[in-house]
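Undergrad: Residue 120 in our numbering sits at position 120 of the sequence shown, with consecutive numbering throughout.
The hints are simulated quantities; they were obtained by calculation from the structure and are not laboratory data.
Where hints are given, some of them may not hold.
Using 30 Å as the maximum straight-line C-alpha spacing, the simulated BS3-like pairs for lysine-lysine come out as follows [to be verified]:
1) Lys373 x Lys4
2) Lys426 x Lys201
3) Lys358 x Lys373
4) Lys6 x Lys259
5) Lys296 x Lys355
6) Lys201 x Lys12
7) Lys6 x Lys201
8) Lys292 x Lys12
9) Lys296 x Lys373
10) Lys12 x Lys373
11) Lys259 x Lys358
12) Lys358 x Lys201
13) Lys4 x Lys292
14) Lys426 x Lys296
What follows is a list of derived Cβ distance ranges for each label pair [unchecked claim]:
15) His7 x Ile160: 16 to 24 Å
16) Lys259 x Leu172: 23 to 31 Å
17) Ser167 x Ala43: 43 to 51 Å
18) Ala43 x Leu423: 32 to 40 Å
19) Ile160 x Phe109: 14 to 22 Å
20) Ala141 x Ser167: 33 to 41 Å
21) Ser395 x Asn175: 41 to 49 Å
Backbone N, C-alpha and C fix where the C-beta goes; we use that ideal spot for every residue, glycine too.
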Amino acid sequence: MTQKLKHSTINKFCIGPIGFFLMMNFVGNYYNYFLTDILTISAATVGTILLVARIIDAIAVPVAGGIVEMAHQKWGKYSTWLWVAPPLTGIFIALMFTGPNFQPAVLSFFLGSMYVLAHLTINLAEASQYALIPVIAQTPADRILLSSRRAQAMSAGQLIFGLVAPSLIILLGGNNEGRGIFLTVLFFAILQMLGYWLVAKVAQPFDGAKTASSTSNISLKDMALQVVTNRPLFILIVAEILRWTANIVIGNFAVYYFKYVAQNQALIAVFFTCSSIATFLGSAVGQFVTQKLTKKQSWYIGMSINFLALIPARIFAHNTVLFITFAAVAAVGHAIVMNLSAAFFADVAEYTQHKTQKDAKGVIMSLNSLPIKISVALSGAIAGYSLALIGYDPSVAVTSRIIEGIISFSTLIPAFFAFISILAIKFYPLPDRIQDLSEA
Numbered sequence: 001m002t003q004k005l006k007h008s009t010i011n012k013f014c015i016g017p018i019g020f021f022l023m024m025n026f027v028g029n030y031y032n033y034f035l036t037d038i039l040t041i042s043a044a045t046v047g048t049i050l051l052v053a054r055i056i057d058a059i060a061v062p063v064a065g066g067i068v069e070m071a072h073q074k075w076g077k078y079s080t081w082l083w084v085a086p087p088l089t090g091i092f093i094a095l096m097f098t099g100p101n102f103q104p105a106v107l108s109f110f111l112g113s114m115y116v117l118a119h120l121t122i123n124l125a126e127a128s129q130y131a132l133i134p135v136i137a138q139t140p141a142d143r144i145l146l147s148s149r150r151a152q153a154m155s156a157g158q159l160i161f162g163l164v165a166p167s168l169i170i171l172l173g174g175n176n177e178g179r180g181i182f183l184t185v186l187f188f189a190i191l192q193m194l195g196y197w198l199v200a201k202v203a204q205p206f207d208g209a210k211t212a213s214s215t216s217n218i219s220l221k222d223m224a225l226q227v228v229t230n231r232p233l234f235i236l237i238v239a240e241i242l243r244w245t246a247n248i249v250i251g252n253f254a255v256y257y258f259k260y261v262a263q264n265q266a267l268i269a270v271f272f273t274c275s276s277i278a279t280f281l282g283s284a285v286g287q288f289v290t291q292k293l294t295k296k297q298s299w300y301i302g303m304s305i306n307f308l309a310l311i312p313a314r315i316f317a318h319n320t321v322l323f324i325t326f327a328a329v330a331a332v333g334h335a336i337v338m339n340l341s342a343a344f345f346a347d348v349a350e351y352t353q354h355k356t357q358k359d360a361k362g363v364i365m366s367l368n369s370l371p372i373k374i375s376v377a378l379s380g381a382i383a384g385y386s387l388a389l390i391g392y393d394p395s396v397a398v399t400s401r402i403i404e405g406i407i408s409f410s411t412l413i414p415a416f417f418a419f420i421s422i423l424a425i426k427f428y429p430l431p432d433r434i435q436d437l438s439e440a
């Protein structure tokens with residue numbers, strides 16, 4: 001009989017990555033600004049650097065999973081990478097926020113290279129932690145709890161970031177904003193390293209010689225086939241892309257909403273703070289929902305809340321308080337589903353191993369981070385093309401048509417993706433209990 005995981009093990013495993021979430025929130029929110037306003041690189045050049053780097057980053061996700069899966073290290077098949085990769089990540093992340101006295105072309109290449117190297121090592125650490133979930137948690141209840149706690153840690157990291165990052169920049173930088181940004185990201189990078197080392201220490205007893213010896217040798221061809229011919233994995237990734245896009249699009253349009261509809265840009269801080277609090281509360285509520293219902297039923301409830309909240313957000317969008325309120329309710333719904341992500345991927349990894357008799361947990365679990373990378377790119381494209389469709393031009397006074405367009409785009413587009421994600425997950429074929437996978 002499989003022993004139930006201790007709550008202390010679950011908590012340490014999930015609290016560890018909070019430093020990582022702080023670091024990634026900082027990179028996501030401040031790197032563009034650092035390049036354009038601190039290093040004074042042109043917006044077009046910055047766009048090119050990040051476009052190329054993000055494409056390479058997305059391609060590297062399954063590659064990192066393959067490396068983790070094929071390498072067998074004495075410190076543990078998966079946990080070894082949690083000792084090795086985070087220090088390298090910290091170095092490359094810190095170098096991303098420097099401005100060596102290079103020629104412009106050389107500087108662009110240097111910064112792009114540091115971005116790619118940082119995210120390659122990030123992918124190794126992420127793939128390893130995700131791969132450890134089905135190793136550590138072997139019952140459906142433990143996997144749901146582990147996935148839920150990880151989502152709560154992600155929400156906590158987002159909330160803490162919003163509260164401390166601006167103050168840290170001022171505290172550490174004084175009158176030198178560039179120095180403040182560098183020292184803040186360095187601090188978060190160190191927390192990332194220490195947090196992942198905590199995860200590695202917790203995971204090592206589960207990830208010893210037994211894990212390595214129980215895994216059959218698997219070729220690159222086998223790993224590729226497990227990904228491209230895996231129907232449950234394909235459906236899950238599509239559903240994840242849809243629900244992440246529903247969540248990200250509303251954030252992409254927020255700056256336009258508060259500038260042109262609310263006509264109060266200061267309120268955007270209130271909007272994001274409320275969304276962060278709602279996400280944290282939703283992840284806590286989601287833990288109880290997922291204990292009572294199946295994963296698919298929990299998805300239906302969470303994304304239905306998300307969808308239904310966005311409709312009145314559209315209707316009452318001219319009232320800023322109501323818009324923020326309904327957007328926060330939508331964030332609660334999304335957070336319920338966010339709790340399920342790692343558990344879904346763990347089930348797919350276990351199912352695939354059962355069907356093929358070949359273990360590629362590292363590859364399949366690494367794909368957990370792929371949907372959000374695709375959704376970030378997709379959401380950005382949707383925002384750009386949607387604004388172009390209504391003739392948006394920041395140098396020209398906005399018309400009522402543009403205002404109504406911004407309102408519709410910021411609510412109805414995410415509502416559409418939320419609804420489609422519900423339809424997509426209906427096709428997910430695996431049973432909820434891991435013990436029943438053999439019957440799937």
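Undergrad: Each of the hints needs a verdict: does it hold here or not?
TA: Hints, one by one, checked against the model:
{"no.": "1", "hint": "Lys373 x Lys4", "in the structure": "33 Å, violated"}
{"no.": "2", "hint": "Lys426 x Lys201", "in the structure": "38 Å, violated"}
{"no.": "3", "hint": "Lys358 x Lys373", "in the structure": "27 Å, holds"}
{"no.": "4", "hint": "Lys6 x Lys259", "in the structure": "49 Å, violated"}
{"no.": "5", "hint": "Lys296 x Lys355", "in the structure": "22 Å, holds"}
{"no.": "6", "hint": "Lys201 x Lys12", "in the structure": "9 Å, holds"}
{"no.": "7", "hint": "Lys6 x Lys201", "in the structure": "15 Å, holds"}
{"no.": "8", "hint": "Lys292 x Lys12", "in the structure": "24 Å, holds"}
{"no.": "9", "hint": "Lys296 x Lys373", "in the structure": "23 Å, holds"}
{"no.": "10", "hint": "Lys12 x Lys373", "in the structure": "26 Å, holds"}
{"no.": "11", "hint": "Lys259 x Lys358", "in the structure": "53 Å, violated"}
{"no.": "12", "hint": "Lys358 x Lys201", "in the structure": "27 Å, holds"}
{"no.": "13", "hint": "Lys4 x Lys292", "in the structure": "18 Å, holds"}
{"no.": "14", "hint": "Lys426 x Lys296", "in the structure": "7 Å, holds"}
{"no.": "15", "hint": "His7 x Ile160: 16 to 24 Å", "in the structure": "22 Å, holds"}
{"no.": "16", "hint": "Lys259 x Leu172: 23 to 31 Å", "in the structure": "30 Å, holds"}
{"no.": "17", "hint": "Ser167 x Ala43: 43 to 51 Å", "in the structure": "27 Å, violated"}
{"no.": "18", "hint": "Ala43 x Leu423: 32 to 40 Å", "in the structure": "38 Å, holds"}
{"no.": "19", "hint": "Ile160 x Phe109: 14 to 22 Å", "in the structure": "34 Å, violated"}
{"no.": "20", "hint": "Ala141 x Ser167: 33 to 41 Å", "in the structure": "40 Å, holds"}
{"no.": "21", "hint": "Ser395 x Asn175: 41 to 49 Å", "in the structure": "33 Å, violated"}
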